[in-house]
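Chains A and B, in that order, give the protein sequences.
Taking this note's numbering, I'd label the letters of the first sequence as residues 1 to 461.
Taking this note's numbering, I'd label the letters of the second sequence as residues 1 to 461.
Keep in mind that the hints were calculated from the coordinates and are not lab data.
One should not assume that every hint holds.
You can't tell identical chains apart in this list, so a pair holds if it fits in one copy or across any two.
To be verified - Derived pair list, reagent style DSS-like, types lysine-lysine, alpha-carbon separation capped at 27 Å:
hint, residue 1, residue 2
1, Lys405, Lys261
2, Lys60, Lys444
3, Lys214, Lys404
4, Lys405, Lys214
5, Lys126, Lys158
6, Lys214, Lys158
7, Lys214, Lys241
8, Lys126, Lys241
9, Lys158, Lys241
10, Lys424, Lys405
11, Lys424, Lys404
12, Lys405, Lys241
13, Lys270, Lys241
Protein chains: 2
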Amino acid sequence: MFNPLSDRIIQTIAGALGRDALDDRPETLQEYGRDTSDLSANPEIVVRARETAQVEALLKLANEYRFPVTPRGAGSGLAGGSVPVCGGVLLSLTDMNRILAIDQHDLTADVQPGVITLGFRQEVRKQGLYYPPDPAGMELSTIGGNAATNAGGPACLKYGTTRDYVLGLEAVLPTGQRITTGTRTRKGVVGYNLTHLIVGSEGTLGVITGLTLKLIPHPPAVRGLAAAFTDLPAAMAAVHKVLTSGHLPSALEFMDHRSIKLVGDMLPFKVPGERPSLLIIETDGAEEQVDRDIELIAGLCRQMGATDLIMAGTEEERERVWGVRREISLRIHDNYPVYIPEDVVVPLGSIAAFVEGLPAFEDEYGFEVYAFGHAGDGNLHLNIVTTDRNNTDRFDEGITAILKKVVASRGTISGEHGIGLAKKPYMALELSADSLELQRSIKKVFDPNNVLNPNKLFPEA
Amino acid sequence: MFNPLSDRIIQTIAGALGRDALDDRPETLQEYGRDTSDLSANPEIVVRARETAQVEALLKLANEYRFPVTPRGAGSGLAGGSVPVCGGVLLSLTDMNRILAIDQHDLTADVQPGVITLGFRQEVRKQGLYYPPDPAGMELSTIGGNAATNAGGPACLKYGTTRDYVLGLEAVLPTGQRITTGTRTRKGVVGYNLTHLIVGSEGTLGVITGLTLKLIPHPPAVRGLAAAFTDLPAAMAAVHKVLTSGHLPSALEFMDHRSIKLVGDMLPFKVPGERPSLLIIETDGAEEQVDRDIELIAGLCRQMGATDLIMAGTEEERERVWGVRREISLRIHDNYPVYIPEDVVVPLGSIAAFVEGLPAFEDEYGFEVYAFGHAGDGNLHLNIVTTDRNNTDRFDEGITAILKKVVASRGTISGEHGIGLAKKPYMALELSADSLELQRSIKKVFDPNNVLNPNKLFPEA
Numbered sequence: 001m002f003n004p005l006s007d008r009i010i011q012t013i014a015g016a017l018g019r020d021a022l023d024d025r026p027e028t029l030q031e032y033g034r035d036t037s038d039l040s041a042n043p044e045i046v047v048r049a050r051e052t053a054q055v056e057a058l059l060k061l062a063n064e065y066r067f068p069v070t071p072r073g074a075g076s077g078l079a080g081g082s083v084p085v086c087g088g089v090l091l092s093l094t095d096m097n098r099i100l101a102i103d104q105h106d107l108t109a110d111v112q113p114g115v116i117t118l119g120f121r122q123e124v125r126k127q128g129l130y131y132p133p134d135p136a137g138m139e140l141s142t143i144g145g146n147a148a149t150n151a152g153g154p155a156c157l158k159y160g161t162t163r164d165y166v167l168g169l170e171a172v173l174p175t176g177q178r179i180t181t182g183t184r185t186r187k188g189v190v191g192y193n194l195t196h197l198i199v200g201s202e203g204t205l206g207v208i209t210g211l212t213l214k215l216i217p218h219p220p221a222v223r224g225l226a227a228a229f230t231d232l233p234a235a236m237a238a239v240h241k242v243l244t245s246g247h248l249p250s251a252l253e254f255m256d257h258r259s260i261k262l263v264g265d266m267l268p269f270k271v272p273g274e275r276p277s278l279l280i281i282e283t284d285g286a287e288e289q290v291d292r293d294i295e296l297i298a299g300l301c302r303q304m305g306a307t308d309l310i311m312a313g314t315e316e317e318r319e320r321v322w323g324v325r326r327e328i329s330l331r332i333h334d335n336y337p338v339y340i341p342e343d344v345v346v347p348l349g350s351i352a353a354f355v356e357g358l359p360a361f362e363d364e365y366g367f368e369v370y371a372f373g374h375a376g377d378g379n380l381h382l383n384i385v386t387t388d389r390n391n392t393d394r395f396d397e398g399i400t401a402i403l404k405k406v407v408a409s410r411g412t413i414s415g416e417h418g419i420g421l422a423k424k425p426y427m428a429l430e431l432s433a434d435s436l437e438l439q440r441s442i443k444k445v446f447d448p449n450n451v452l453n454p455n456k457l458f459p460e461a
Numbered sequence: 001m002f003n004p005l006s007d008r009i010i011q012t013i014a015g016a017l018g019r020d021a022l023d024d025r026p027e028t029l030q031e032y033g034r035d036t037s038d039l040s041a042n043p044e045i046v047v048r049a050r051e052t053a054q055v056e057a058l059l060k061l062a063n064e065y066r067f068p069v070t071p072r073g074a075g076s077g078l079a080g081g082s083v084p085v086c087g088g089v090l091l092s093l094t095d096m097n098r099i100l101a102i103d104q105h106d107l108t109a110d111v112q113p114g115v116i117t118l119g120f121r122q123e124v125r126k127q128g129l130y131y132p133p134d135p136a137g138m139e140l141s142t143i144g145g146n147a148a149t150n151a152g153g154p155a156c157l158k159y160g161t162t163r164d165y166v167l168g169l170e171a172v173l174p175t176g177q178r179i180t181t182g183t184r185t186r187k188g189v190v191g192y193n194l195t196h197l198i199v200g201s202e203g204t205l206g207v208i209t210g211l212t213l214k215l216i217p218h219p220p221a222v223r224g225l226a227a228a229f230t231d232l233p234a235a236m237a238a239v240h241k242v243l244t245s246g247h248l249p250s251a252l253e254f255m256d257h258r259s260i261k262l263v264g265d266m267l268p269f270k271v272p273g274e275r276p277s278l279l280i281i282e283t284d285g286a287e288e289q290v291d292r293d294i295e296l297i298a299g300l301c302r303q304m305g306a307t308d309l310i311m312a313g314t315e316e317e318r319e320r321v322w323g324v325r326r327e328i329s330l331r332i333h334d335n336y337p338v339y340i341p342e343d344v345v346v347p348l349g350s351i352a353a354f355v356e357g358l359p360a361f362e363d364e365y366g367f368e369v370y371a372f373g374h375a376g377d378g379n380l381h382l383n384i385v386t387t388d389r390n391n392t393d394r395f396d397e398g399i400t401a402i403l404k405k406v407v408a409s410r411g412t413i414s415g416e417h418g419i420g421l422a423k424k425p426y427m428a429l430e431l432s433a434d435s436l437e438l439q440r441s442i443k444k445v446f447d448p449n450n451v452l453n454p455n456k457l458f459p460e461a
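Turn these sequences into a full structure, and let the hints steer you where they fit.
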């Protein structure tokens with residue numbers, strides 16, 4: 001389908017973009033051929049763009065010579081979205097990493113796509129401003145990659161995901177045309193919403209070469225707590241109570257009993273019962289307000305049966321609580337040679353019943369499932385694991401069964417990680433043939449020669 | 001381009017949808033041929049849908065017989081978006097007006113498109129929940145119309161616009177296929193974002209027949225104030241001070257000197273100087289918090305030179321302040337026979353300079369401009385008026401000049417009202433030829449026969 005990159009084509013690319021943009025050392029090809037999933041495929045060459053004109057030139061050549069181009073940020077994705085599965089050019093945007101402006105008056109920032117998320121959050125904070133999206137890998141991930149995948153994190157419940165903070169884009173279309181989309185204002189209804197179509201398209205509709213981001217005033221203070229419950233239904237009843245009592249927490253996380261067993265030694269109390277559950281709740285705002293809010297939330301948790309509760313008022317105490325949460329993934333990784341991360345979302349009211357139903361799948365298919373994640377928005381990280389590397393025959397079948405239940409619960413098969421390569425086979429569980437067909441047609445309008453990040457998202461027809 | 005609706009076609013429609021769905025009385029055609037702009041064009045027939053299957057059937061027939069279909073909510077739009085400019089069928093969705101579910105556990109609602117916005121807000125409030133979008137016409141407008149135009153209002157600064165609350169849609173594509181898009185969860189990254197592409201497409205990409213909406217906990221209390229300043233730059237300096245001091249008001253409105261002169265008799269104080277300005281600021285949250293917040297905000301306003309300030313703590317006091325704001329449009333309407341509403345947005349930091357520059361246009365083009373609107377998000381309602389009906393020759397030229405300045409200020413020509421028919425000629429001021437071409441191609445993918453709301457949005461090629 002694609003032409004291999006002949007020497008002549010590579011010379012042409014070098015002539016157009018500059019020799020120093022190209023890198024074909026074997027270790028580079030291998031490094032840029034993977035993300036943080038276990039999927040990989042080496043590109044034929046890596047191109048590191050330093051300016052938008054290079055991206056334009058590259059895509060024009062891709063259409064002329066019919067080779068694939070796969071854009072990549074930090075490669076911290078979990079679904080293989082940046083894996084160059086058709087070979088060709090791996091286009092790295094990490095060298096376009098400048099914060100061009102942070103505008104205190106407009107409450108906006110202009111950034112290049114390779115800016116690291118955490119660093120950006122720290123920079124805007126220095127000016128009293130807040131960029132809320134907080135994906136788990138934000139110390140590695142780039143803003144451009146976050147926008148490509150519409151990354152989210154614990155802050156989603158109160159503040160939304162990356163999409164909600166992208167006001168406008170500069171993007172190079174698959175045909176090599178540069179366009180700007182959106183606005184640098186909080187409102188704007190002129191024409192179709194190309195901005196939010198390209199955001200979340202996982203690098204299949206355009207290469208993001210610049211972003212105008214919305215900033216908000218930084219909340220002056222944060223307070224947190226961790227509360228233990230005898231079971232998950234009790235914990236979720238407390239979540240419901242909190243959310244319907246006028247509180248909108250800035251984080252609302254849960255852990256299931258397996259996760260607690262794994263990291264329980266880090267907790268300052270013994271968690272009760274056979275199948276306990278833990279909530280982490282945070283609230284942000286003015287100093288006096290968060291002090292009062294967190295007391296009220298603690299009261300609601302006790303009222304709903306919390307057996308133990310620790311307050312996390314200081315930065316150190318909060319860090320300790322989040323450390324427990326982060327440790328789950330690390331220990332799962334260390335303890336299980338087979339480890340498949342799923343990232344489903346179910347409606348808030350269905351979380352407890354859904355998680356309580358997981359043991360039936362464990363019994364049937366021979367894996368264990370660790371469940372933890374965002375109780376406030378329904379996004380459950382299901383970590384499907386086994387210690388027995390040779391006994392995974394029915395895993396695919398079991399995962400399909402779980403994802404079918406997600407869809408039957410009116411949920412979605414991915415809340416944050418995206419489809420990429422890893423979830424392609426499951427797309428049709430959620431989307432109708434008509435919807436998929438319409439999306440393929442949109443891809444074709446943007447990318448008539450299918451050169452940009454081909455063979456992603458859509459299941460083979 | 002389109003076939004007129006022959007008796008045979010009308011009989012076919014009646015056969016497929018039911019005779020009682022059709023209405024061709026002259027007064028009906030006239031009523032449904034207009035919105036609240038001064039644009040109008042009678043349809044050949046009005047169809048009132050009661051269920052999605054009728055919409056599907058109608059659009060299938062439209063493709064078979066090549067007649068245009070223009071969807072319409074309450075007809076409260078300001079840009080002619082629902083005016084059936086090509087004749088054909090006017091499809092009214094106002095009879096699909098049921099709230100199907102308000103789910104306290106999932107924090108979602110399922111509604112039909114014809115539900116009136118204000119009524120919906122009141123219904124969810126009874127359950128302690130909040131649907132923030134508050135477009136000015138919300139006592140008339142429908143949720144479906146709000147979604148089609150991505151309507152916003154004062155709450156945008158803190159809470160966003162309609163788009164931010166639409167999680168998923170049921171829509172009938174122009175070809176007559178019914179699809180569902182999105183999720184009923186707060187996160188979801190599966191496939192392209194068709195939901196937010198159809199939202200804001202002004203009824204050109206699909207007929208919205210159902211919506212799943214996001215709800216949030218209702219803030220327990222609101223407090224407001226009105227503050228007068230000697231000029232607009234002083235008022236905008238106060239806005240900047242408030243926004244960079246950790247406050248995120250739930251409303252932040254301004255009035256220019258002309259507006260104040262028009263409604264000043266309703267204010268409890270005499271506003272100072274030649275070109276004074278007024279801010280209305282509200283904050284919402286827990287009782288004790290809003291009391292303290294509004295005091296702090298009042299202090300910041302005084303520090304930044306507010307000459308007078310009234311607090312609006314109770315519902316009645318707030319209502320009185322908003323009554324002044326609402327009265328502006330009514331009195332403009334009463335006083336000026338020629339009245340053109342513009343709805344531009346400029347970056348926050350440019351509001352003062354932009355509004356201060358309006359007199360130059362007044363002098364040049366012979367109109368007066370009233371400016372008021374959303375100081376917190378930069379959305380300025382410019383009301384271009386004259387008492388002299390016979391002296392409007394240079395109005396178009398003057399409006400074009402103002403809109404060019406908006407774009408040069410890195411703003412957008414419409415923040416809320418949309419493009420419809422009224423703003424079509426100005427689209428190319430803001431969007432590049434490549435962007436317009438891409439959008440036309442997307443329209444073509446959705447609507448190959450161009451039957452749904454044709455001749456809207458895009459300037460003639």
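Status of the hints after comparison with the structure:
In this assembly of identical chains, the alpha carbons of Lys405 and Lys261 lie at most 27 Å apart only when taken from the same copy (26 Å versus 62 Å across copies). Taking identical chains as interchangeable, the C-alpha atoms of Lys60 and Lys444 lie at most 27 Å apart whether they share a chain (16 Å) or sit on different chains (24 Å). Taking the shortest Cα distances, Lys214 and Lys404 sit within 27 Å of each other only across copies (24 Å), while inside one copy they are farther apart (36 Å). Only between protomers do Lys405 and Lys214 lie at most 27 Å apart by alpha-carbon distance; the minimum there is 22 Å, versus 36 Å within a single protomer.
Taking identical chains as interchangeable, the C-alpha atoms of Lys126 and Lys158 lie at most 27 Å apart whether they share a chain (22 Å) or sit on different chains (22 Å). Taking the shortest Cα distances, Lys214 and Lys158 sit within 27 Å of each other both inside one copy (15 Å) and across copies (12 Å). For the homomeric pair Lys214 and Lys241, the shortest alpha-carbon distance between copies (18 Å) is at most 27 Å, but the shortest distance inside one copy (31 Å) is not. In the homo-oligomer, the alpha carbons of Lys126 and Lys241 lie at most 27 Å apart only across protomers (16 Å), although the nearest pairing inside one protomer, at 36 Å, exceeds that limit.
Taking identical chains as interchangeable, the C-alpha atoms of Lys158 and Lys241 lie at most 27 Å apart whether they share a chain (16 Å) or sit on different chains (24 Å). Taking CA atoms no more than 27 Å apart as the test, Lys424 paired with Lys405 passes inside one copy only; the shortest distance there is 17 Å, against 46 Å between copies. Taking the shortest Cα distances, Lys424 and Lys404 sit within 27 Å of each other inside one copy (14 Å), while across copies they are farther apart (45 Å). With identical chains, the CA atoms of Lys405 and Lys241 are at most 27 Å apart within one copy only, with a shortest distance of 26 Å there and 50 Å across copies.
In this assembly of identical chains, Lys270 and Lys241 lie within 27 Å of each other by CA distance solely inside one copy; the values are 24 Å within and 48 Å between copies.
Every hint, counting from the list given before, is met by this structure.
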